[in-house]
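K.L.:
Here are the chains, one letter per residue:
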Amino acid sequence: MDIALRLEVEHLLARYAHCIDDDRLEEWPEFFTERGRYRITTAENFERNLPLPIVYADSRAMLRDRVSALRHANIYEAQRYRHVVSATLVEQVDAGVVRAVSNFTVVRTMHTGESMLFASGRYLDRIRLAGDGGRPQFEERVVVLDSRQIDTLLAIPL
Amino acid sequence: MDIALRLEVEHLLARYAHCIDDDRLEEWPEFFTERGRYRITTAENFERNLPLPIVYADSRAMLRDRVSALRHANIYEAQRYRHVVSATLVEQVDAGVVRAVSNFTVVRTMHTGESMLFASGRYLDRIRLAGDGGRPQFEERVVVLDSRQIDTLLAIPL
Amino acid sequence: MDIALRLEVEHLLARYAHCIDDDRLEEWPEFFTERGRYRITTAENFERNLPLPIVYADSRAMLRDRVSALRHANIYEAQRYRHVVSATLVEQVDAGVVRAVSNFTVVRTMHTGESMLFASGRYLDRIRLAGDGGRPQFEERVVVLDSRQIDTLLAIPL
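Sequence lines, in order, name chains P, A and F.
For the first sequence, the residue numbers in numbering that gives the first Met the number 0 are 0 to 157.
For the second sequence, the residue numbers in numbering that gives the first Met the number 0 are 0 to 157.
For the third sequence, the residue numbers in numbering that gives the first Met the number 0 are 0 to 157.
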């Protein structure tokens with residue numbers, strides 16, 4: 000186990016969580032490489048290899064478009080997320096790339112003050128260690144939700 | 000504080016969580032030494048030192064039997080767990096053994112898609128650092144649940 | 000990123016969580032410097048810079064008074080907390096002081112056995128690395144709750 004490597008990955012995952020939870024969505028695409036892929040799917044579809052992602056993007060430009068759409072819709076104002084990330088396992092693929100798997104839960108708080116456990120699942124990540132500016136970036140982040148009961152308001156990135 | 004030691008323990012706890020959450024229960028007994036003890040109890044009984052564990056095993060063979068029984072009953076198909084482990088503290092007992100305490104929460108998702116906070120509590124672990132194959136293994140794992148309201152379906156290991 | 004520094008901060012946060020969850024409240028003030036500040040507020044008030052904390056103390060003596068009051072009221076017996084702390088980011092301020100931000104969730108279990116997600120939010124900490132006895136201590140801990148719906152029984156420190 001490479002200690003520095005694991006802590007670098009956990010640091011990336013922590014910064015990502017705070018970026019979303021702090022509503023700094025404009026910075027979110029910068030966590031991905033230029034051709035980075037982002038996908039939200041359910042455990043059921045993931046295991047059956049069904050090509051029905053809830054959200055899909057395969058470039059930073061698509062992620063930026065998504066943020067613009069969210070800002071236009073103003074849905075983001077109505078809710079706030081709180082990410083907990085745990086049990087991260089890191090595996091080196093080659094000198095410049097690692098894979099990581101983590102568990103997560105997200106609590107959602109509405110503007111009314113009502114809080115609920117909104118989502119749980121796994122992050123399956125492929126990370127380029129020295130991306131733009133020498134910082135690690137996601138080549139791929141697959142969000143596998145435990146439940147197929149997805150709130151139709153699902154809008155903020157997970 | 001020994002950094003490598005703490006990260007090795009956290010790595011063990013993370014692998015254990017994914018083993019159960021991925022439904023790889025047949026691998027679960029391998030996290031224990033041959034005479035490893037596993038116990039689920041409630042905070043109330045634990046503090047009063049009452050010998051009424053909800054689940055008890057004192058060997059890897061008993062853990063394997065438990066997995067067989069679970070597979071036979073097919074209960075495991077109806078539900079899925081998601082573990083979050085946090086606030087791990089590690090204390091060295093001797094050259095080869097450490098104690099660790101962690102907080103955990105478990106979200107359960109039913110096959111219907113319904114999710115709920117299923118359990119919270121503490122892991123109290125005694126870990127042999129160089130177990131079989133040189134990997135760390137539990138000599139003892141005590142799962143202390145915060146609540147005494149236990150779902151009677153409690154079947155999957157925590 | 001300084002690995003030892005980050006792990007030392009995470010260790011402090013873990014010890015703090017267990018201190019409260021184990022109901023060792025008399026030790027809680029010792030996590031703060033003599034003039035340490037502790038504040039619980041809501042995200043809404045925090046962002047608007049409103050001076051309406053739910054709980055406020057600006058010395059260890061005030062924290063001790065608070066614990067005495069809690070013990071006298073016996074409210075603490077009726078409930079138990081379980082903290083999960085995640086996504087800690089550490090930033091060095093100067094040689095002896097760091098700032099840290101973390102996400103947290105707290106599950107509350109009543110003496111009836113009923114469990115619920117009680118609170119979620121952020122810890123904003125200012126930590127003196129070599130406080131009393133050479134151990135790190137909080138110069139300031141601000142607990143920013145995601146929700147403004149606060150249980151009026153809010154009594155145990157978060």
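No lab work stands behind these hints: they were computed from the structure.
Since the structure is predicted, the reported quantities are computational estimates derived from the model, not experimental observations.
Don't take every hint at face value.
[As the list claims (entries may be wrong)] Covered stretches of chain A (chain P as the covering partner; in silico rule of three or more C-beta atoms under 8 Å from a C-beta of chain P):
| hint | stretch |
| --- | --- |
| 1 | 43 to 52 |
| 2 | 55 to 69 |
| 3 | 82 to 92 |
[Stated by the list, open to error] Not everything, but these chain P residues come out facing chain F in the computed CB check (under 7 Å):
| hint | residue |
| --- | --- |
| 4 | L6 |
| 5 | A13 |
| 6 | A16 |
| 7 | R79 |
| 8 | R81 |
| 9 | V83 |
| 10 | T108 |
| 11 | G112 |
| 12 | S114 |
| 13 | L116 |
| 14 | V141 |
| 15 | V143 |
Yeah, the Cβ is synthetic: ideal placement off N, Cα and C, and Gly gets one too.
K.L.:
Please verify that hint: P:G112, Cβ, nearest Cβ of chain F, below 7 Å or not.
P.N.:
For P:G112, the interface hint holds, since the closest Cβ of chain F sits about 4 Å away, which is under 7 Å.
K.L.:
Under 7 Å is the threshold here; is the Cβ of P:A16 close enough to any Cβ of chain F for the hint to stand?
P.N.:
Hint holds; P:A16 Cβ to chain F Cβ min 4 Å, cut 7 Å.
K.L.:
Can we keep the P:R79 interface hint, with Cβ of chain F closer than 7 Å?
P.N.:
With Cβ-Cβ at 6 Å, under 7 Å, it holds.
K.L.:
Using Cβ atoms only, decide whether P:A13 comes closer than 7 Å to chain F, and label the hint accordingly.
P.N.:
4 Å, holds
K.L.:
Have a go at the P:S114 hint: is there a Cβ in chain F nearer than 7 Å to its own Cβ?
P.N.:
5 Å, holds
K.L.:
How about P:V141: closest beta carbon in chain F under 7 Å, or not?
P.N.:
19 Å, violated
K.L.:
Can the stretch 82 to 92 of chain A be counted as covered by chain P under the rule of three residues or more with Cβ-Cβ separation shorter than 8 Å?
P.N.:
Held - the stretch 82 to 92 of chain A has 4 residues with a Cβ nearer than 8 Å to chain P, which meets the minimum of three.
K.L.:
Can you tell me if the stretch 55 to 69 of chain A counts as covered by chain P, using C-beta to C-beta distances under 8 Å and a minimum of three residues?
P.N.:
violated (count 0)
K.L.:
Tell me if the interface restraint on P:V83 is satisfied: Cβ within less than 7 Å of some Cβ in chain F.
P.N.:
Holds - the Cβ of P:V83 comes within 7 Å of chain F, reaching about 4 Å at its closest.
K.L.:
Was the hint right that P:R81 lines chain F, CB cutoff 7 Å?
P.N.:
4 Å, holds
K.L.:
Against chain F, with CB atoms and a cut of 7 Å, does the hint on P:T108 hold up?
P.N.:
4 Å, holds
K.L.:
Verify the interface restraint on P:L6: the C-beta must sit less than 7 Å from at least one C-beta of chain F.
P.N.:
Interface hint status for P:L6: holds (6 Å vs cutoff 7 Å).
In this structure, the hints that do not hold are numbers 1, 2, 14, 15, in rising order.
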